[in-house]
Amino acid sequence: MIIGTVVGSVFSTRKSEKLIGNKFMIVRPEASMKASGNDLVAIDIIGAGIGEKVLVAQGSAARVGCDMENAPVDAAIVGILDEGQEID
Amino acid sequence: MIIGTVVGSVFSTRKSEKLIGNKFMIVRPEASMKASGNDLVAIDIIGAGIGEKVLVAQGSAARVGCDMENAPVDAAIVGILDEGQEID
Amino acid sequence: MIIGTVVGSVFSTRKSEKLIGNKFMIVRPEASMKASGNDLVAIDIIGAGIGEKVLVAQGSAARVGCDMENAPVDAAIVGILDEGQEID
Amino acid sequence: MIIGTVVGSVFSTRKSEKLIGNKFMIVRPEASMKASGNDLVAIDIIGAGIGEKVLVAQGSAARVGCDMENAPVDAAIVGILDEGQEID
Amino acid sequence: MIIGTVVGSVFSTRKSEKLIGNKFMIVRPEASMKASGNDLVAIDIIGAGIGEKVLVAQGSAARVGCDMENAPVDAAIVGILDEGQEID
Numbered sequence: 001m002i003i004g005t006v007v008g009s010v011f012s013t014r015k016s017e018k019l020i021g022n023k024f025m026i027v028r029p030e031a032s033m034k035a036s037g038n039d040l041v042a043i044d045i046i047g048a049g050i051g052e053k054v055l056v057a058q059g060s061a062a063r064v065g066c067d068m069e070n071a072p073v074d075a076a077i078v079g080i081l082d083e084g085q086e087i088d
Numbered sequence: 001m002i003i004g005t006v007v008g009s010v011f012s013t014r015k016s017e018k019l020i021g022n023k024f025m026i027v028r029p030e031a032s033m034k035a036s037g038n039d040l041v042a043i044d045i046i047g048a049g050i051g052e053k054v055l056v057a058q059g060s061a062a063r064v065g066c067d068m069e070n071a072p073v074d075a076a077i078v079g080i081l082d083e084g085q086e087i088d
Numbered sequence: 001m002i003i004g005t006v007v008g009s010v011f012s013t014r015k016s017e018k019l020i021g022n023k024f025m026i027v028r029p030e031a032s033m034k035a036s037g038n039d040l041v042a043i044d045i046i047g048a049g050i051g052e053k054v055l056v057a058q059g060s061a062a063r064v065g066c067d068m069e070n071a072p073v074d075a076a077i078v079g080i081l082d083e084g085q086e087i088d
Numbered sequence: 001m002i003i004g005t006v007v008g009s010v011f012s013t014r015k016s017e018k019l020i021g022n023k024f025m026i027v028r029p030e031a032s033m034k035a036s037g038n039d040l041v042a043i044d045i046i047g048a049g050i051g052e053k054v055l056v057a058q059g060s061a062a063r064v065g066c067d068m069e070n071a072p073v074d075a076a077i078v079g080i081l082d083e084g085q086e087i088d
Numbered sequence: 001m002i003i004g005t006v007v008g009s010v011f012s013t014r015k016s017e018k019l020i021g022n023k024f025m026i027v028r029p030e031a032s033m034k035a036s037g038n039d040l041v042a043i044d045i046i047g048a049g050i051g052e053k054v055l056v057a058q059g060s061a062a063r064v065g066c067d068m069e070n071a072p073v074d075a076a077i078v079g080i081l082d083e084g085q086e087i088d
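In order, the protein sequence lines correspond to chains Z, S, U, D and L.
Residues 1 to 88, numbered by the numbering used here, are exactly what the first sequence covers, in order.
Residues 1 to 88, numbered by the numbering used here, are exactly what the second sequence covers, in order.
Residues 1 to 88, numbered by the numbering used here, are exactly what the third sequence covers, in order.
Residues 1 to 88, numbered by the numbering used here, are exactly what the fourth sequence covers, in order.
Residues 1 to 88, numbered by the numbering used here, are exactly what the fifth sequence covers, in order.
These aren't lab readings, by the way, just hints derived from the structure by calculation.
Quick caveat: nothing in here was measured; it's all calculated off a predicted structure.
Ideal Cβ positions, reconstructed from N, Cα and C, are used throughout, including at glycine.
Don't take each hint at face value.
Said to hold, decoys possible - Here are the simulated BS3-like cross-link-like pairs (lysine-lysine), alpha carbons at most 27 Å apart as the crow flies:
no.	chain 1	residue 1	chain 2	residue 2
1	S	Lys23	Z	Lys18
2	U	Lys53	S	Lys18
3	S	Lys18	U	Lys23
4	Z	Lys53	D	Lys18
5	D	Lys23	D	Lys53
6	U	Lys23	U	Lys53
7	D	Lys53	L	Lys18
8	L	Lys18	D	Lys23
9	S	Lys23	S	Lys53
10	L	Lys23	L	Lys53
11	U	Lys18	L	Lys18
12	Z	Lys23	D	Lys18
As the list claims (entries may be wrong) - From chain U, some residues computed to sit far from chain L (all C-beta separations above 10 Å):
no.	residue
13	Glu30
14	Ala31
15	Ile50
16	Asp82
Stated by the list, open to error - Ranges of calculated distance between the beta carbons of each label pair, as one might list FRET restraints:
no.	chain 1	residue 1	chain 2	residue 2	range
17	S	Ile20	Z	Gly51	38 to 48 Å
18	L	Val7	U	Phe11	21 to 31 Å
19	D	Gly47	U	Gly51	49 to 59 Å
20	D	Lys18	Z	Gly84	24 to 34 Å
21	S	Gln85	Z	Ala31	19 to 29 Å
22	D	Gly47	Z	Asp67	24 to 34 Å
23	L	Asn70	Z	Gly51	38 to 48 Å
Next up, chain Z with everything else stripped away, as it sits in the complex (with noise of 0.2 Å):
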């Protein structure tokens, strides 16, 4: 997983029908982290909002492990860092 800021969400109303109903985020890696400096559209099962840092999950375990299976889905928010942990 990475470590991701939530820096802001997009909305599309032409998209899959299994895509209906989630929210798209666009989390932003900690700059020590892996792919830092290059944005990524996660769903939300979590419900976290701008400014908090984030869990994210990619490829299939996105799918799979958000019960989503079926749904064309790369990258997902599993959870919300508890407040106050230094990242780097």
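Put chains S, U, D and L on the given structure of chain Z with help from the hints.
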């Protein structure tokens, strides 16, 4: 997922028979996104046009999530972004 | 998928028996494509020749989508681009 | 797999219920390794401590290979390197 | 797949029991290959020696294609290149 812009398409007459009927769109990831600077080819299950900003799912999500479980597909356009949204 | 040019092939006599009968082609991704500057080795289910531009699928798509579900294959040429198309 | 050093851990109280009971370790890949310069977060099925060099498996291997097939996990510590080995 | 040279091996006594009996080889991708400059650790099902050029499959191919479906393995040596072949 990543956000990119559809910049073109390519044609392939000699291809896996499991790919027949699909359009191959060239998607250019946004500058802030993972894989920026590196185009990729995605099938399109939504009907995106050149210049539209889209959500692209990669890996097994493109296959399993787009009802093409047995096709050699590793990237798919799964949503078109609503207009007027700032990315970055 | 990515677009690349077939630049060569390699031979391996001592290999997984599940790979027997496959050709290993070296594909060089186009300059604009994801993974540009980094060749990869793909099996070829289409019959591409040196110098042809091809579509390459990576990951589980190469295995499952090419009827080689149980073979250790992570990249496959799945289409040959029609001639005369501009990439970039 | 890659080799890295455990440099810390993070806590997440609000997370997928499938992740309850797991420790989230921050692993820093060795300088010579794939993904060097980019930390990642891995669950730990072995019991590694801060400063130990570990083997990390990524992708579906972390899920399926660690008996967590249905959890949103994409990286796992699957071995601790014996001491006194030179990497590089 | 990628082509690399076996440059060493590592030992891990404390590891997932599903990994018992496997050798962990350090493979250095060729300069022209994807992931060049970044070593990776692969299991070896062929019996490659230090200095040999090998084909490495990554991702689920390493697990499923090497009859280790339930092991936490994400890279495997699946072929040894015949000698005398120019790569690059």
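*asked:* Are any of the numbered hints broken by this structure? If so, which, sorted upward?
replied: none
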